[in-house]
Each structure stands twice: as C-alpha cells, then as structure tokens.
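Residue numbers (this note's numbering), protein chains in the order written: chain A, 1 to 222; chain B, 1 to 66.
There could be a bad hint or two in this list.
For lysine-lysine, the following DSBU-like pairs were computed, each having C-alpha atoms within a straight-line distance of at most 35 Å [what the hints assert, rightly or not]:
1) A:Lys5 with B:Lys66
2) B:Lys15 with A:Lys137
3) B:Lys66 with B:Lys46
4) A:Lys2 with A:Lys116
Here are some chain B residues pointing at chain A (derived, C-beta under 7 Å) [what the hints assert, rightly or not]:
5) Val28
6) Ser52
7) Arg53
Rather than coming from a laboratory, the hints here were simulated on the basis of the structure. Positions of the beta carbon are idealized from the N, C-alpha and C atoms, including for glycine.
Okay, here's what each chain looks like letter by letter:
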Amino acid sequence: MKRTKIRFLMILGLICILIDIAASWYSAMYNEGRIVAPMDYSAYVFRIQDLPMIASVFLTWIYVLYLFILLVKAIIKNNRRDRRSSTSRKINPKLGFLGFLGFLGFLGFWNYGFNKNMSAFVFFAFFGFFGFFFEGKMSNTFRDERYKENKVKAQFASMEIVMSILFILTLLLGRGDLMGNPEYTLIAVRIILSLTIGLYLLLSEYLLYRYDHDDETAESED
Amino acid sequence: MPDFECKLKKYRQRKELTQEQLAVQVGVRRETIMRLEKAQYNPSLKLAIDISRVVEAPIEEIFIFK
C-alpha cells in the first residue's frame, strides 16, 4: 500500500475519532447522554438530538467497513501473487509475537462473569499466530517438489490431530450438560474450537519447518 | 523412509557438479539433492528423469530400489 494512501486512511480515522468525540460531548451536554450511556434500546424513541451520535456511529461503521474491504482485497491480491510465485511468501518471524494475543482469550472468563458475553474466548485462536515464527524461518524458500510434498504432509498431519481433538470433544461434550449446565458446555466448545483453530495454524507451520529441517545438522555441501 | 539406494553422489561427482549446481539445473533446492543422495527422499518421476539427463546416467543406475 502506498504511503499516501496510508496517510489518507489515518486522516480519515482521525476525523472519525474527532466526530465521535464531538458527538459524545454533544450527547453528554445537551442530550442526557443518550446513546453514549447504556440504555434500553427496546424502548428507544428517536429524537432529533440523537442525530449527531447516530451519524458519528454510522460514519465510524462505514470507515471500519472500508478498512475491512481493503484488508480482504489485500489478502486476495497477496494470495494470488503467492500462488504465482516460485518462493514461499516473505514473512518476518517477529510477527509470531502476535501469538501472545491469544492470551486475550482469558478475558472471556472475566467478560462472561461480568455480562455473560462469551465472544472474547475466540481470541484463543490467535495462539495460531505463533506459527509465524516458523513461517518466517521458511520465508522466501524456493518451493520445489519436496517443499510442496512436506507442506501437504504437514497440513494433513495437523488436520488429523485437529480432527481427533474434535472427535473427542464431540464424544465428551455431546450430551451438552457439562457440570449440569448447558452454558458451560457452550463455553467449553467455544474455547476448544478456538484453541483447535489456533493449533491447526501453528502445527501446520511448525511441522512444515520440522519436516524441512529435521536433520539439518547433518547437512553438508559435498 | 524410501527403501532404495542412491548413487547420485557418484554420478554427480563424475560430472564435477556441486549439489548447488545440480539443484539449479533440475529446479530444486540444494537440500533436496542432499536428501536424495542420502536416500532420504523419494523423487518424483520428473525429477528422476531430469537428474538422469543432467548426470548422463540411466535412472535405474542412479536410484536402485530393493
């Protein structure tokens, strides 16, 4: 992405934040904090004073949607380029530190206790980003037939492990009343599914690295 | 582990090629040639034919399957 476009996106983001702040201030000062403060939306009746806040939320959503579309387009473009390329994609191994975002999944326990919301458990899947450590080490590697074979082997082995975990999960939690509570079952399923996705992402990269480097110490030129 | 013996090293050295040079000529990585020579990797038919052409030796003499 060009630097001018990044600057343009940052300016747009800043404008959205400023509009949000201004709208929140207006709502707090002249509209009894409506929409800003938690309120019962089932009994919501529109007032003209709500308009700045509604407009700012709408603008922010459009901005986030625009960012999302740009991200999807960039991913598709990169995937196409990768498929045509004879080398593996260039990744900085430091991106593996993003795997620590997986610990945000523990927020789920706090969040569930606070307002019964289970969405934060999905963050456990981010442990899969630790796979970037290994993908980074295999970055820009020439994809010859052995590399392709190892990649398929690694993905297959990871898939087998993940499927086994899911099979056991189905057997153990199939009754749906973990500790006599269906909600606990749902939490356990969410956590295990997120961890399994993370495990698949991590394992497929780790195994590819291992298959490719299993006896590197024994390598010699001639 | 493939159950075969690989005489590639002998034929490669006879042609005075390094692993790197052979790898470039047949379109694989040096590590792949190294594993082939240790009989740790079972090559595709295409790769076996390419190698056989480069080292100018019959496939069945380079890769001996038991």
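Consistency of the hints with the structure:
1. A:Lys5 with B:Lys66: violated, 62 Å
2. B:Lys15 with A:Lys137: holds, 33 Å
3. B:Lys66 with B:Lys46: Given that 35 Å is the threshold and the Cα spacing comes to 20 Å, the pair holds.
4. A:Lys2 with A:Lys116: Since the Cα atoms of A:Lys2 and A:Lys116 sit roughly 43 Å apart, the hinted pair is violated (cutoff 35 Å).
5. Val28: Given a least distance of 4 Å, the restraint on B:Val28 holds.
6. Ser52: Where the cut-off is 7 Å and the nearest Cβ of chain A is about 16 Å from B:Ser52, the hint is violated.
7. Arg53: violated, 16 Å
In summary, the structure is inconsistent with hints 1, 4, 6, 7 from the numbered list given earlier, while agreeing with the others.
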